[in-house]
Structures are given as structure tokens and as C-alpha cells.
Amino acid sequence: MRNIFILGLGVLASVAFGQVDKIYKHSGEIIEGQIKRVGEFTVEYTYDGEDAIQSLSKYSVNKVFYGKSTRIEDVSNKIEITDDKDWNKVVILEDKQLVAGLKKGDDLKSKTGMVNFRSGNGKDERAEKVLKQQAAEVRCPFILLLSDKTVGKSAKKTGSCYKYN
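Under the numbering used here, the final residue of the sequence shown carries the number 168; numbering is consecutive throughout.
Among the clues, some could well be false.
Straight-line alpha carbon distances no greater than 20 Å define the calculated SDA-like cross-link-like pairs of lysine to any residue that follow [stated by the list, open to error]:
1. Lys166 to Val133
2. Lys166 to Phe44
3. Lys28 to Leu101
4. Lys159 to Leu96
5. Lys159 to Gly125
6. Lys99 to Ser163
7. Lys166 to Lys71
8. Lys107 to Gln57
9. Lys152 to Ser163
10. Lys61 to Lys112
11. Lys106 to Phe44
12. Lys112 to Asp151
13. Lys112 to Asn91
14. Lys25 to Val78
15. Lys71 to Val133
16. Lys99 to Lys25
17. Lys81 to Asn168
Treat the hints as calculated values from the structure; they're not laboratory data.
Please put together the full structure from these sequences, using the hints given.
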């Protein structure tokens, strides 16, 4: 009888303490720990046995699994860039926090010419389109915008492309 009681306590303890949250990244990686917060742009978590809060961009996370409630929350859809024509799917990000958990790729530059027949918005849109097309060529779904300048009649943008790990 005593052995059954001890065995029952062991099973109960393993169920109570074995409820680990899981983060499923678009890259296929699974992170286990405790989810602290799913914010507007980031997922914050801690590894088991640690107090330091880690942060991932929601763009790198497919879904999260809450161990205690067994609830699954979809976080973001994976952006697939399969060829150069998918340039319009590329997302331009302006905050470095939004690339946490993504892999940095090439640096990109875009500039419209001094002589063009575009309005102020037109030259800015053209520079953005060229930047997105460059990212699609190397199959990067994200660009972290590093600079955005308008000088006279030309627009210049630079950024770094990011992929899923």
C-alpha cells in the first residue's frame, strides 16, 4: 500500500511540474520553457530553471503551446518567397526587435535617379519596390530598414534582409 502511495505521488509530481510551454518556430525549431508574454510584436519566455527573459519576434514564431492548459495559440503565418515575383510579400520592418530569432542575410541598397518623373511619394514607393525585389531575389521575406533618405529629387533606402533560421 505504501509503495502505491509513493508511486502515485511521483506520478502526480511529474504531471504537476512537467507542464512545459513550447514555442514552435517557422524554422522547425522547438523551444521549451515558460512563456511569459505574447505581445503585439514579440514572444517573451524563460528557459526552465532560469530567470532571464528571452524575446523572439512574432514573425519567427508559428505557434505557442501552453503546457498547463494545453491550449495552442497561432502566432504568425510563414511567408514563403519562392521566386522573384513574390517581391510584394516581402515585409519591411523598422524596429530591430522585430528580427529577433531571424537570420541576417545580405545588405541591400535602393536609390531612385535624380531625373525622374515621379512625385515625392512615387520615388519613395519605387525605392521600396526595388528593395523588396532585391530581397525576393535572395529569398528573404523580411527587410530591416536601416536608412530612409530623400535628397532633392531622389530617394535612397538601405536595409538588411532576414530569413527564418
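Hint compliance check: list the failing hint numbers for this structure, sorted ascending.
7, 10, 15, 16
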